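Starting from the known structure of chain A, fit chain B with the ligand onto it as the hints suggest.
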Amino acid sequence: MVEIAEAKKRSTNRKPKAKKTKLSRKQLTDLYYYMVLNRALDDRVTSLYKQGKFQGGAFVSRGQEATSVGSAYALEEGDVIGPMIRNSGAILVRGVPPREFLANYLGKKTGPTQGKDGNSHFGDLKRNIFAPVSMLGVLIPVCAGAALAFKMKKQPNVALTWIGDGGASIGDFHEGLNFAAVMKLPFVLILENNGYAYSTPTSKQSLVEDFVIRAQGYGIPGEIVDGNDVLAVYEVTKRAVERARKGGGATLIEAKTFRMKGHAEHDDAFYVPKKIIEYWQKRDPIINYEKYLLKEKVLSKKELTDIQSSVAKEMDEAQKFAEESPLPEAKEAAEGLYAS
Amino acid sequence: MSTITYIEAITKGLREEMQRDESVFCLGEDIGEYGGAFKVTKGFIKEFGEERVVDTILAETAIVGVSIGAAIMGLRPVAEMQFADFISNGWNQLVNMGAKTHYRWGAAVPMVIRLPSGGGLHAGPFHSQNPEAWFFHVPGLKLVAPSTPYDAKGLIKSAVRDNNPVLYFEHKYLYRHVKGEVPDDDYTIPIGKAEIKRVGKDITLITYGSMVQFSLEAAENVTKLGVEVEVLDLRSLLPFDKEMILESVKKTNRAMIVHEATLTGGIGGEISACITQDAFEYLDAPVKRVASIDTPVPYSPPLEAYFMPNTEKITKALRELAEY
Ligand SMILES: Cc1ncc(C[n+]2csc(CCOP(=O)(O)OP(=O)(O)O)c2C)c(N)n1
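Sequence order for the protein chains is A and B.
If you read the first sequence in the numbering used here, its first letter stands for residue 1, the second for the next number, and so on.
If you read the second sequence in the numbering used here, its first letter stands for residue 1001, the second for the next number, and so on.
The set of hints was computed from the structure by calculation and includes no laboratory data.
This structure is a prediction, so every number in the text was calculated from the model and none was measured.
Take the hints with a grain of salt, since some may be wrong.
Dumping the calculated DSS-like pairs for lysine-lysine here, alpha-carbon to alpha-carbon at most 30 Å [said to hold, decoys possible]: (1) A:K109 - B:K1039; (2) B:K1039 - A:K53; (3) A:K22 - A:K151.
Partial list, computed: chain B residues near chain A (C-beta under 8 Å) [unchecked claim]: (4) E1029; (5) E1033; (6) A1059; (7) F1086; (8) S1088; (9) N1089; (10) T1295; (11) P1298; (12) L1303; (13) Y1306.
Even glycine gets a Cβ: it sits at the ideal position worked out from N, Cα and C.
Next comes chain A alone, as it looks inside the complex (with noise of 0.2 Å):
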């Protein structure tokens, strides 16, 4: 168990230590490809809801980049994730194309689910995702379900999924969490603490203020990280999957960050006080990690900004097939409700 003390103090909150890290030049390019590319899969969400081009909700990860990229680059092919809401960032590191994304938004047949769900609420059974429900928590036992196959297949794998400050409130959280601690499974849990529930501030949810101390309840690891850090995300992940890999047992990171936005784009947020965004706004993972990335002499800035014009380009190829790729037809609807 890591001690609070200890584990606050490597919350920073701040810009990316400059220290050495293992990763290679082309990894640490790929954490800032994707989390460029995750903002860019967002604001191209908010710009066709606005448009009116579909009429479901629009949720989008701004400031949260760095946990759900840096989570999911520090996991291997065959290990399941099960993403939320504001997890695309993990999706995209995992593969799936953001014209997919784009589609299923649209309820177009292209989709993942081919229209029947709408947002990122879709699976990939080959890239070993895991669906989310609306319901909050109810990833935590289905995941921890595939930790206990990998353990029994003997497999050398790990499940990971995320979970709210407000979804944390959720009884599944506890039932899930502990089945994983007691039965030691290789199950990682990560918990965005990212100041609100859709209007509900963090305080209002939970009386502690590190949701971490909750791991000792469990018997199991906790660490705190700085949830704009992708590097600090990356390296905790690492740890904790690394450990649930040989035989270790499940552990919770708590991911400090913030949710940039409203609830979904139809809340503008009102009931955030204007300090706490700017406190927030001067954190930002990607603008952060470019300072990092410069400083250092991984990247230079034309390499950046190639970077950026071509996520740019990949997007607007991703909206011209998602636009053009036609809807499900109506009969659809009564197909796929068993497997065969």
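Using the frame of chain A, we list chain B with the ligand on its own:
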């Protein structure tokens, strides 16, 4: 009298009940400063304070269980499910504790759960369900589902004043799509009483909630064929107005049930069984049902449209029934 939307009528009824009775209080996720996901309780926290407009943690089991406990102690909680779909989390509390309390040990549980339900808004499989049938099979609960602003206000008041757990199904599509005249003064609509929304002599169409409007349109459509449909709005689903149903069917000799919830295991099956059992000799045709198809509620517009009943599908069914 003022002309207001369905959602305004719910707010109005709820506000009046809170003003009338100090023991009434609201609880739920984001219902305070934010005013609830749909803004039903907007401004309530200013008017009634944090003690009576309780912004809760994100935990439906707790919301339902806490409501039950407070109700047993004599308060009158009105809990909001942000979306009806999330009541699945409160299942155990509601079904095993709330519904059985009075029967087992005599304690009253005067509580209301408001359930924004239904589809038609492309909100996908977890924000569009009509879960009334899940609870229809649970003795001890009461279920209401208003279809007009007038009924919405009258029924929320009755629900609040009832001494049992009442599930109040408010349809999200109706929120802002339906307007109507609503008296400014106090009135209630008795739980358990249906209403004939249109008089007819050829077919009894039994429906509720979102399907009332579509059914009325369909009834209008078939007048061209000389068919006069009687549209009966249940308003209360548990208990439901069996007497009025049978009386109407005995007059028209044909019956059809329309609901937005999926067909199999839906409330229509029970109503149909009642009619067949108690009015069989009056029937000129088998009882017909129109409902959503037996799948989750799909997201994409063409799929959702195919999934749900609408005026056209109801009209077609009425025609078939008339011609039987
Ligand atoms: C069981 C359940 N209850 C209510 C909701 C409605 N809802 C969706 S997201 C949300 C807030 C979630 O907050 P948090 O878990 O902190 O995640 P964040 O949105 O901040 O990423 C609520 C109340 C839900 N999805 N599931």
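Comparing the hints with the structure gives:
1. Between K109 of chain A and K1039 of chain B the alpha-carbon distance is near 34 Å, which puts this suggested pair outside the 30 Å criterion.
2. Only pairs whose Cα atoms come within 30 Å are accepted, and K1039 of chain B paired with K53 of chain A is accepted, the gap being roughly 25 Å.
3. At most 30 Å may separate the alpha-carbon atoms for a hinted pair to count; K22 of chain A and K151 of chain A meet this at roughly 29 Å.
4. Nearest Cβ of chain A to the Cβ of E1029 of chain B: about 7 Å, under the 8 Å cut. The hint holds.
5. For E1033 of chain B, the interface hint holds, the least distance from its beta-carbon to any beta-carbon of chain A being 6 Å, beneath 8 Å.
6. A distance limit of 8 Å between C-beta atoms decides the matter here; for A1059 of chain B the minimum to chain A is near 4 Å, and the interface restraint holds.
7. Taking 8 Å as the C-beta cut-off, the interface hint given for F1086 of chain B holds, the closest approach to chain A being about 6 Å.
8. Checking S1088 of chain B against chain A: minimum C-beta separation of about 7 Å stays under 8 Å; hint holds.
9. Checking N1089 of chain B against chain A by beta carbon gives a least distance of about 6 Å; that is within 8 Å, so the hint holds.
10. The closest approach between the C-beta of T1295 of chain B and any C-beta of chain A is roughly 5 Å, which is under the 8 Å cut-off, so the hint is satisfied.
11. For P1298 of chain B, the interface hint holds, since its Cβ comes within 8 Å of a Cβ in chain A; the closest pair sits about 5 Å apart.
12. Interface restraint check: L1303 of chain B against chain A, minimum CB-CB distance 4 Å, threshold 8 Å, status holds.
13. Interface hint at Y1306 of chain B: satisfied, since its Cβ lies 4 Å from the closest Cβ of chain A, which is below the 8 Å cut-off.
Hint check: a violation occurs at hint 1 only; the rest are consistent with the structure.
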